[in-house]
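All chains, please: the whole structure from these sequences, using the hints.
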Amino acid sequence: MSVELDVFVVNTTIMDEEVYQLWLDGYTVNDAVKVRMEGGVLEGCEASAEVLHSDTMDQYRTFQMCERLLHSPVKLANQLLFQIPPHRQVMLIERYYAFDSVFVREVLGKKLSKGTKKDLDDVSAKTGVTLKSCRRQFDNFKRVFKVVEELKGPLVENIRQHFLLSDKLARDYAAIVFFANNRFETGKKKLHYLTFQDFAFCAGQLISNWTVGALDNMVEDMDVDLEKEFLQDLKELKILITDRDLLDQHKSLVCTALRGKTKAFNEMEANFKNLSRGLVNIAAKLTNTKEVRDFFIDLVEKFIEPCRSDKWTAGDMRLYLTHYTNSAHVLDTFKHQVVWDRYMGVIKSCILKMYHD
Amino acid sequence: MPGKLKAKIVAGRHLPVMDRASDLTDAFVEVKFGNTTFKTDVFPKSLNPQWNSEWFKFEVDDEDLQDEPLQITVLDHDTYSANDAIGKVYIDIDPLLSCEAATVISGWLPIYDTIHGIRGEINVLVKVDLFNDLNRFRQSSCGVKFFCTTSIPRCYRVALVHGFVEELVVNEDPEYQWIDRIRTPRASNEARQRLISLMSGELQRKIGLKVLEMGGNAVVGYLQCFDLEGESGLVVRAIGTACTLDKLSPGTAPNTTTHTNTHTLPNTAPTSNACNSPSKDSKESPLAHGCRSTHNSPVHSTCSSQRLSHSQNFSVSVPTLVFTGMGSGGSVGKEAGPLKTLLRQHTQSALEQREFPIFTLTCFPPGFLVHVGGVVSTRSVKLLDRIHNPDEPETRDAWWEEIRQEIKSHAKALGCHAVVGYSESTSICEEVCILSASGTAAMLNPRFMREGCLDTGGSDHRLSRQPHPGMVGSERGEGEVSSTWLGFEDASPPSCGFVHIPYDEFNMPFPAQLTYCYHCRRQKVPDVLFTTIDLPAEAEVTGKGCLIQARLCRTKKKAQGEVNATSISNLLPFMEYELHTQLMNKLKLRSMNALFGLRIQISVGENMLLGLASATGVYLSALPAPGGIQIAGKTPSDLSYDQHISTMQKRIDDTIAKNKELYNIHPPECIEEVVGSPIPDRQRSSRLFRSTSESSDELSELDLSHGKKDAFVLEIDDTDAVEDIQSLLTDAPIPAGFYSCNTEVMPGIHNWTSGLQMFTSVRVYRLSNANLTNQGLNKIFTDLCENLLKSLYFKLRSMIPCCLCHLNFTVAVPEEELIQVAVTAVAMSFDKETQQAADKALTRGSGENEEQLQFSMEMCGESTISNNQPTAKPSGVPESAMVHSSRVSSSERCSPLPEGRSRSLRSTRSLPCGAPVTVVKMTPLSFLPGTRIVKYLGIINMFFIRETTSLREEGGVSGFLHSFIAEVFAMVRAHVAALGGNALVSYSMKECVFMENPNKNQAQCLINVSGDAVIFIRESDQEAIPPLLTSRQTSSTGADGTT
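Line by line, the protein sequences give chains A and B. The first sequence begins at 1 in our numbering and counts up one residue at a time. The second sequence begins at 1 in our numbering and counts up one residue at a time.
Hints in this document: simulated from the structure, not taken from any laboratory. Nothing here was measured: the structure is a model prediction, and the numbers come from that model. Take the hints with a grain of salt, since some may be wrong.
[As the list claims (entries may be wrong)] Below, simulated DSSO-like cross-link-like pairs (lysine-lysine); rule was C-alpha separation at most 30 angstroms, straight line:
| no. | chain 1 | residue 1 | chain 2 | residue 2 |
| --- | --- | --- | --- | --- |
| 1 | B | LYS45 | A | LYS142 |
| 2 | B | LYS45 | A | LYS114 |
| 3 | B | LYS45 | A | LYS146 |
| 4 | A | LYS335 | A | LYS290 |
| 5 | B | LYS32 | B | LYS45 |
| 6 | B | LYS45 | A | LYS75 |
| 7 | A | LYS348 | A | LYS168 |
| 8 | A | LYS75 | B | LYS8 |
| 9 | A | LYS142 | A | LYS132 |
| 10 | B | LYS127 | A | LYS75 |
| 11 | A | LYS188 | A | LYS117 |
| 12 | A | LYS152 | A | LYS228 |
| 13 | B | LYS39 | A | LYS34 |
| 14 | A | LYS348 | A | LYS335 |
| 15 | A | LYS152 | B | LYS45 |
| 16 | B | LYS39 | A | LYS75 |
| 17 | A | LYS235 | A | LYS353 |
| 18 | A | LYS263 | A | LYS348 |
| 19 | A | LYS228 | A | LYS110 |
Now the structure itself:
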């Protein structure tokens, strides 16, 4: 005797969150049943593995039917097929668009193309995230990217409205879209120590300070791209390292301010010119799209690594960057205060975020 | 009288992509009614077209308005080739024809295609202008209200119950017409859907006409069924109960209903007699109806196979059985004692004028039901023949006529003049058809049936009767039976009256143990009572009830034609007998003494018959306590055998003890001593024999004064009995926190929360072993049902504590070696804390809602403290305590719901944008706990076909059916919402025919659903905000996140 057909349909669709997570994680029905058994779901119920299997199948089917709707979450709210209580809809969407940080770290900054998708089995093997789950996450990135790409206005808000995500998740997606669009390099070995949240923070900083939408929300443009004019202006900052007087002046101002306040003072003094050259060079090169991609690797190589080898503490770093930024204002011949602040504000917070083991 | 139908097509959304090149659709809409078609403009290149059409006006006869559905077809315009259909919407405009129902249909309706399922939605507006002439509703049956609900609808008061209405229409099934060979599956499905829609409309109109003829204005308990007879045609038939309903003025509290009823209740016999006598005289005498039943022998009566006029027409009447408590007996008892005769004359005369004193109601206004005799049922095996002339469906009519006559005669045999809780069903396999009908024989209060009585003299009686309640109380307090209480000589108190036997105790139609009623001590009651109705609100119950099922499988040889029919009809009595035995045993095992809502379904397949009996067992306080079950061995020689028996005995005793605890059945002991009962045999016993030949002996043996064995005896003399006992004990216990019943509500549970979940589950099993024995099949079938129940409990565990109400099982044998089981029910959660308090206080039958509870309390109040004799009240708790406790429970209802449930009910967060979809609740019950139904919007009766030629791609059979059922739910909800409703009550899925051909990657399914669309409001504002209100609020306050 075998069960040929087995369905259970309810009027108000309420999904088991645990099973939903297993489905999202790409477990097969049989594996999901095992996990649920081990989780002790049967305790206190007069139920067998068969019952559990049937229940899991039912739920998996429901999820599969819902998946189409989840691809455009706005539809979920006004579709008629499933009567899902609103707070449940929120949960379904939020979970569906959630991603594994190990996975996202692998594809961050990569082109969301078919080629990348083909390599997902490698990513799956490397991260331990099931291929199915990798594909869902990748497709989510791509879907959000495609929708937002065409839209005008603030990126985070666009994502929030079109995908009904929470603010946090929308910001993460904005970061992913931003990275994918600018193709920032994140995969180099030297960058491995950085988490997705580090990058997401930096992306947030870049989006809110360096894009067109950053200054004026009303501007009918996307904030997926960095503002061209600003990048042009950044070239002007070169004077800080090309003009010897200016460089020396800057150094002495910073050193005066720092003296006696940190143990790493000697190293700071010794490295000042190198470090300053590093940061200003990064700024000057950003007009070149290829160099933009290397933004993070440059930050690490030109600034973070030297500091780390000199054993600066996080406090040292904050102190140094604060004075480095502020001292430039006192330089009489330096006329690019606004651009400098806009640049250094982001650089400072990015470096502070990225300066850890 | 003509009317004007107006339709406006507003917009579409979520349309499918019809043009691959552009990924868009050029949609337009055809609106068709009768032979008139209108078209909208093409809205190019959009998946969300805004047509905003003019009003399309159809000027039509109201006959057409009733019969025809409005047909809306959405198409994709194609310049070069034929336009592609996207899908269709059929709109039944019947609800718009009654002034009390819906006034407009407006909203998003799913666009449905029989091959692709739901493909987007369309927003429409439909109105009807009926020309206002004085004779408005007299020419056709427009305006007659239809209710699926099998009780008096909540916001109505019943003035008169006219009685049984039935109608049947037949047609050729389009699927079997020659043209079907050349048309596409889609065209064929659509032809079928449209035809059934038309036939349903016609049927409803014809029934409406009958109601008008009878002077009624509504049909309650409307039950419409389809018989897909294959080659021989398509039958749509319906039965119902014609009533005259008065709408309660809006705004009146629900207990106004009860008030009115309470006042009219003491309406009494003398005056009613006067009203009634003329009509009575003109009619034939009660006895003239006689009993036409020909098969009166218990089991082995000769199968009378009659040939009807057609040569092909073959019919086998199945001999009916005589069972304890389940009188389907054909033997006519002698006329009862003078007292009863008088009673019968009173009531009969009112019913006499009707051909069939049959009622589809299962729940009655207080005082309506006087006595209940037992279950009456009839089955008949027929051979189907092509319906030659669709306009004269006489053969089918005759079949049912015959069956109803038989039911009527069975009821007579039980000393009853009416049948309530009546239903009809068929099971078809190839050319064989089993027609079944069952109901509960009953005595009814004629007051509700007497024309003019209420209107003319009603107020006078009321006035004159005012002092009566008090008087009644005092009389009864002194121990006198009030003769005027209900207008009958042998009137009985409401809480036990209905269990008093209607038949004559010296001429009982079946073997039964009679005792004096444990409640009033005046009248005789049987030891067990089987009924098809819901537990009357006034019934007093000890403890809780539970679902009891008997399951049976019988193999049969494959055969053709008459041979087949004969072999089936030979098997049927044995199956009925077995099912009855199982029910009885299981009832005893649970220490209960009555079954309500009994449904026995027998399904026929090519090589087997399936029998499934479901009922809700309860312990009626007025009936005697059931004895235990004793096992007796035939050959008590072997020591190990004895041991075996004693272990089994112990297991049974343990189970009984456990069940008593579980269902909280603690009847007072030795109540007889207190009263000094005249029953000589204190410990009841009954005896059930394995062999049928013995049972005839039993008939003669029956005499209540003779001593019997201590308990219900099961004799293990063969393997069958061992099997029986095994199956008795293998029924898995219900997990803690769950209760189940197949009636409207669970006796003993009152404080429902608003948490409810309606579900449908379908399973199909393939029997792998072709050569199964009956026992093997039984085991498999039992396991199927048990596993299904277990699955349900598991899936609904988050709702604990909860009760699965109205568990409705349907079984079918779609193909050889396939068994299909479908279940529809509603899980309703209740409050544990207050429940316990209520338990302690008292258990009173069916506290299904506040009204009923209040009503019974009022009854008690009006009849003063009379009921309060400790002897008569098993629980011995004073009335006041009960009143108090129930008030507590109602006030606590306002308190926040327990965590687990509130999460699923309350929406704490709403979606920031998107048009809100009205939340539509669905339930098979006639009410929603904690709410008040303020308006009935009309009947929903929908028939869908879904077919696929890419079964694997759609997730196999389960994926296919899962999405189809979800789509059906969605379409029902959308139509309810379009009528302006927020719930569908008395929902039922009457047909779910599933066919597959995995080799061809094909499957087809037909589903028929029905129910009453209603608007409900919460009883209390403090109560948790229902999802509906929340979503509406969201819409009105504007989406917070959109800015």
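For each hint, the structure was consulted:
Between B/LYS45 and A/LYS142 the alpha-carbon distance is near 25 angstroms, which keeps this suggested pair within the 30 angstroms criterion. Of the pairs offered as hints, the one joining B/LYS45 and A/LYS114 holds, with about 29 angstroms between alpha carbons and a cut-off of 30 angstroms not exceeded. With a CA separation close to 21 angstroms, the supplied pair B/LYS45 and A/LYS146 stays within the 30 angstroms bound. Proposed proximity of A/LYS335 and A/LYS290 is supported: the alpha carbons are some 28 angstroms apart, at most 30 angstroms.
With a C-alpha separation of about 24 angstroms, the suggested pairing of B/LYS32 with B/LYS45 holds against the 30 angstroms cut-off. At most 30 angstroms may separate the alpha-carbon atoms for a hinted pair to count; B/LYS45 and A/LYS75 meet this at roughly 19 angstroms. For a cut-off of 30 angstroms, the pair hint linking A/LYS348 to A/LYS168 stands: about 22 angstroms separates their Cα positions. For a cut-off of 30 angstroms, the pair hint linking A/LYS75 to B/LYS8 stands: about 24 angstroms separates their Cα positions.
For a cut-off of 30 angstroms, the pair hint linking A/LYS142 to A/LYS132 stands: about 15 angstroms separates their Cα positions. A hinted pair counts as satisfied when its Cα atoms are at most 30 angstroms apart, and B/LYS127 with A/LYS75 qualifies at roughly 29 angstroms. Annotation: proposed proximity of A/LYS188 to A/LYS117 holds, straight-line Cα distance about 20 angstroms (limit 30 angstroms). Simply put, A/LYS152 and A/LYS228 have alpha-carbon atoms about 17 angstroms apart, close enough for the 30 angstroms limit, and the pair holds.
For the suggested pair B/LYS39 and A/LYS34, the alpha carbons sit about 56 angstroms apart, so the restraint of at most 30 angstroms is broken. With a CA separation close to 20 angstroms, the supplied pair A/LYS348 and A/LYS335 stays within the 30 angstroms bound. Of the supplied pair hints, the one linking A/LYS152 and B/LYS45 holds, its CA atoms being roughly 23 angstroms apart against a limit of 30 angstroms. For a cut-off of 30 angstroms, the pair hint linking B/LYS39 to A/LYS75 stands: about 28 angstroms separates their Cα positions.
At most 30 angstroms may separate the alpha-carbon atoms for a hinted pair to count; A/LYS235 and A/LYS353 meet this at roughly 25 angstroms. This hinted pair checks out: A/LYS263 and A/LYS348 have alpha carbons roughly 20 angstroms apart, not beyond 30 angstroms. For a cut-off of 30 angstroms, the pair hint linking A/LYS228 to A/LYS110 stands: about 22 angstroms separates their Cα positions.
Going down the numbered hints, you'll see the structure goes against just number 13.
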